[in-house]
Amino acid sequence: MTGKLRKLALAAGTAFIGLSAQGALAQSVTMAVAAPVTSLDPHYHQLSPNNAVADTIFDKLVNTDAKSNNLPGLALSWRAVEPNVWEFKLRPNVRFHNGNPFTAEDVAFTLQRLPNVPNSPSSFAAYSRPIQAMEIVDPLTIRFRTAAPHPLMPLDMTNVRILDRETHQNATTEDFNAGRAAIGTGPYRVVSHRSGDRIEFERNDNYWGDRAPFQRVIYRMITNDAARTAALLAGDVEFIDQVPTSDLAKLRQDNRIALSEVVGLRLVFLGLDHLRQANENSPFITDNDGKPLGKNPLQDVRVRRALSIAIDRKAIVDRVMEGAAVPAGQFLPEGVYTHVPGVTPPAFDPDAARRLLAEAGYPQGFRIQLNGPNDRYVNDARIIQAVGQMWTRIGVRTTVEAQPWTTFIGRAGRADFSAHLVGWGSNPDGSHPLRNILATVTREKGWGSSNRGRYSNPQLDALLDQSLVELDEAKRVQLVIEAQRIAAEDVAVIPLHIQTNIWGMRRHLAHDARNDELTRAQDVRPAAR
Amino acid sequence: MSEAVISAKPADKVETPFRRFVSEFAESKVALGALVVFIIIALLAIFAPWITPQNPYDLAELDIMDGRMEPGTVGGAGFTYWLGTDDQGRDMLSGIIYGLRISLTVGAGSALIACLIGASLGLLAAYAGGRTDSVIMRLVDLQLSFPTILAALMILAFLGKGIMNVVIALVLVEWAYYARTVRGTALVERRREYIEAAQCLALPTHRVLFRHLLPNCLPPLIVVGTMQVARAIALEATLSFLGLGVPITEPSLGLLIANGYEYMLSGKYWISFYPGIALLITIVAINLVGDQLRDVLNPRLKK
Amino acid sequence: MTVYLVRRVLQALLVVLAMSLIVFIGVYAIGDPVEILISPDADQIERERAVQALGLDLPLWQQYAVFLTKALQGDLGRSFVYNEPALKLILQRMPATLELAFGATIIALIIGLPLGLYAGLRPEGRFSRVIMAGSILGFSLPTFWVGLMLIMVFAVYLGWLPSTGRGETGSLFGLQWSFLTWDGLRHMAMPAINLSLFKISLVIRLTRAGVRETMLMDYVKFARAKGLSPARVTFVHVFKNILIPVVTVVGLELGSTIAFSVVTESVFAWPGMGKLIIDSINVLDRPVIVAYLMMIVLMFIAINLIVDLTYSMLDPRVRLESKGT
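Protein chains in written order, with this note's numbering: chain A, 264 to 792; chain B, 553 to 855; chain C, 35 to 359.
Calculated directly from the structure, the hints in this document are not laboratory data. Heads up, a few of these hints could be off.
Said to hold, decoys possible - Negatives, chain A to chain B, calculated, CB over 10 Å:
1. L334
2. P335
3. D460
4. E465
5. V589
6. A615
7. A623
What the hints assert, rightly or not - Dumping the calculated DSS-like pairs for lysine-lysine here, alpha-carbon to alpha-carbon at most 30 Å:
8. A:K330 to A:K738
9. C:K274 to C:K255
10. A:K352 to A:K330
11. B:K713 to A:K558
12. A:K577 to A:K330
13. A:K554 to B:K713
These figures come from a predicted structure and were not determined experimentally. C-beta: ideal position from N, C-alpha, C; glycine also.
Using the sequences and the hints, build the whole thing.
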């Protein structure tokens, strides 16, 4: 981008800030996000900030609305024509930013590209792996043949951004990053990209869906929380994501600022050591004198329940999260289709917790260390300290150690900890946490890859197995709910709360808050007046 | 140059060196005041468990329901939080007094160890020259180009969290500054006549190094040294800010400030303001004392 | 002289090699990049694929051997995160950091030298005491805290300066520099001041200490006795002498500012190398860390070489070693 153009854009931005008060037409908007976008290649790195930007530039066969419900995207409809065959009917008259028409060829090309992006640290290959063969019926109809019935196909397709075969045949990740190849069918097109700093978009006037509200969007990255809020208050940016909870009270009172919030899909929970057997020592548990206990108390469901009901979730939500979360007893919030009805957040009851501990043979409690990251989830280090306070009060003397995700996650992955805090999201289907967090670690099935406590329950595994091939959606959902209920009753993990996603903006803007946390340019628009 | 030679052997004087040192130090009222403040701070730090209303390191004594209370509020435990509480319900006054302990230990400890190591190596490099000099100075280059955060992460990975490990990380980072500074000065000094004289007298190397060369390298060393105590404390704060500092349940002043940082915009100033003030007073006191020490100890400023 | 330089270059190569080895071992000890980079819902097969794609499936020494072989051909590897050549990423970010570091150093010299000189010449003066007390403030408060205070005061409350980011840039030598435009300068002001605070104190203190000492030296006394004007004594005889420690320390400071203005760049969302290195360390993007530190160590060696050469020019008593002992 030339200096002149940038000056123009800047002038436009300034003019907009000045004029918007009088209700002039919005021309541009400056947004600031917390997490840096690492690549504009939509298939290089499976990472939320990258996906958010990819959603602005590209489209998927199946889009999702703000509540994560499936919507027709580049596909108008889809159904399983045979148990092993999915058919997608594509949207006609869609063009890429460079004018190329969108057809079934492009879909086939995209799915072939997924496993073949060189050097990808986290690829999208898992979404094309179930597909054994693709059949282009006509330019606007494509069929995917799978080895076994695959009910999650539409959900998988909400993750795959479609490229143009002609444009992208030889495009490398570098071409995307430079903006040359960042060409999709989405509501905005890329004007320029300065890695780790900003991306500038302009409206795609030929978009097949709703016209994007702004001519120009400047999408900046400000990782420091306080600096991001300050930039919003100073008026340097008009929109920010991941509003720090510490600033909420102040911002709510500020009549220049509006907030948009929605209960998200990310559960913050405590994982417990299920790896060490009942007669083994857990690495960070000792008796009250600091000597090895000779057994792993966490194998006793009464101890797990005691630790769970010793936690005052409401206090954590009110005091630590400053209201930006809802207490939780399971992975998904109410209102999501795989939410387990009747499983409420465990009620705070320290007396009952002490009784349970005594019943389990620990009337005097024991000592434990709770580990957690300090730079990953909202207020993570504060939460573990609060839990430490609460556990200590029922006689489980708790030390707390927080460290950067960089060193934490490797150790957590090796099941080094007795108790650790992590988060999980943001996908509305309960099969997702079941398969990754709660299922017995099984390489062949790809199960339990994030099961850092090594929980294992054959009953749950069996239900999950059934659900993964059940094409009847109602039945499948029922199986997923039952499996989750088992986990909740067995206190497989200790759920704490589900985060609220919060965006902040100047009053002249409005935003559709998404429960999947993505900050997308097309969701920001001028406020109605 | 004759002054330098004489003052390097102060035993020749009639009055004891210590007494002369004290009287010279006391010439500055400001420095004396600073020394008193520093002693009070040190006493507070040492006797922290007996004077604070709360043990801020004991999770059982904290209650998040008392979190972020304004200064002067009476908390659930019945005593008044004169300086308010932080997000965990930690009494800021108790937290600051305990935090002083950690900060002083980390700051002074790391600066002292780094100074010993760095100054010795710097002296050696300048005096020995040649290959020794090259090896030491390239080590310095290596160290100066190694980011603190990476060093801290490596120590975290190898040794885990802990106050001592933060000290080690800081020493690892800081020694090179001393080495570089001392070598720079010593290179100049060793060409001066008094060293040549000492060498001509065939005095043993360690004697020349520590009795003759070192005292004359002291002024810049003390400048760097007192500043590095402050810098180490501030650096520890930065490490805490990056999540690599002392354990969160045993906050230093720096960690208290870093915690409060997030509340700056929300008007809950006390969480980082009071620890900031405490840090400021401590560092100003240390440096005023250090400034005077430097002037008193400097052989070349003797009139 | 030539022998001396050749020896220094050889030593530099050894140091660079040592650095790359340390970083390889260090990163390996800290954690697994794949664990950090991979999407949480990736299954084991995908994890194994990623490990292989990044070349992390080989034993560490083989990874290092691969790296060395490629490095000899001028390829320092591709970033795990950006999938771009590590060196290219670093060079892209370099102008932003260079201008910030030089800006801060210039501010420090402009403010620090005169104040330090004044305080050194009139050590007992009231204003000198104020300067010295004030200079303590410069290094007693953590950078991140001062940075946010600056933003709050000058951007949020007063609205004089933009809060964060790099502004408009102009082109020079084919690179983008923000000091060429007014908007760019306005964006640079706060981060540069934030970075310079410590340096100002440092320069004031070093200058004052040097001046006080030098004023008592025989040759200065002699120059004064000879009846030279006080200005000439101060600026020629004294100044030349105190420049040695100032040059050493400021040189090193400049180096570490270029290398690690991590906190300031984070707080001010300044898209420079400091921001790059901290982001890379956080995700263990080894190719970038290695390439970056190899470059930085070269820079420090160069700075130290320049400082040593300057010594010998400023002070003929320091002779460069040209033969080993």
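Cross-check of the supplied hints:
{"no.": "1", "hint": "L334", "verdict": "37 Å, holds"}
{"no.": "2", "hint": "P335", "verdict": "42 Å, holds"}
{"no.": "3", "hint": "D460", "verdict": "21 Å, holds"}
{"no.": "4", "hint": "E465", "verdict": "33 Å, holds"}
{"no.": "5", "hint": "V589", "verdict": "17 Å, holds"}
{"no.": "6", "hint": "A615", "verdict": "20 Å, holds"}
{"no.": "7", "hint": "A623", "verdict": "21 Å, holds"}
{"no.": "8", "hint": "A:K330 to A:K738", "verdict": "22 Å, holds"}
{"no.": "9", "hint": "C:K274 to C:K255", "verdict": "15 Å, holds"}
{"no.": "10", "hint": "A:K352 to A:K330", "verdict": "24 Å, holds"}
{"no.": "11", "hint": "B:K713 to A:K558", "verdict": "26 Å, holds"}
{"no.": "12", "hint": "A:K577 to A:K330", "verdict": "24 Å, holds"}
{"no.": "13", "hint": "A:K554 to B:K713", "verdict": "21 Å, holds"}
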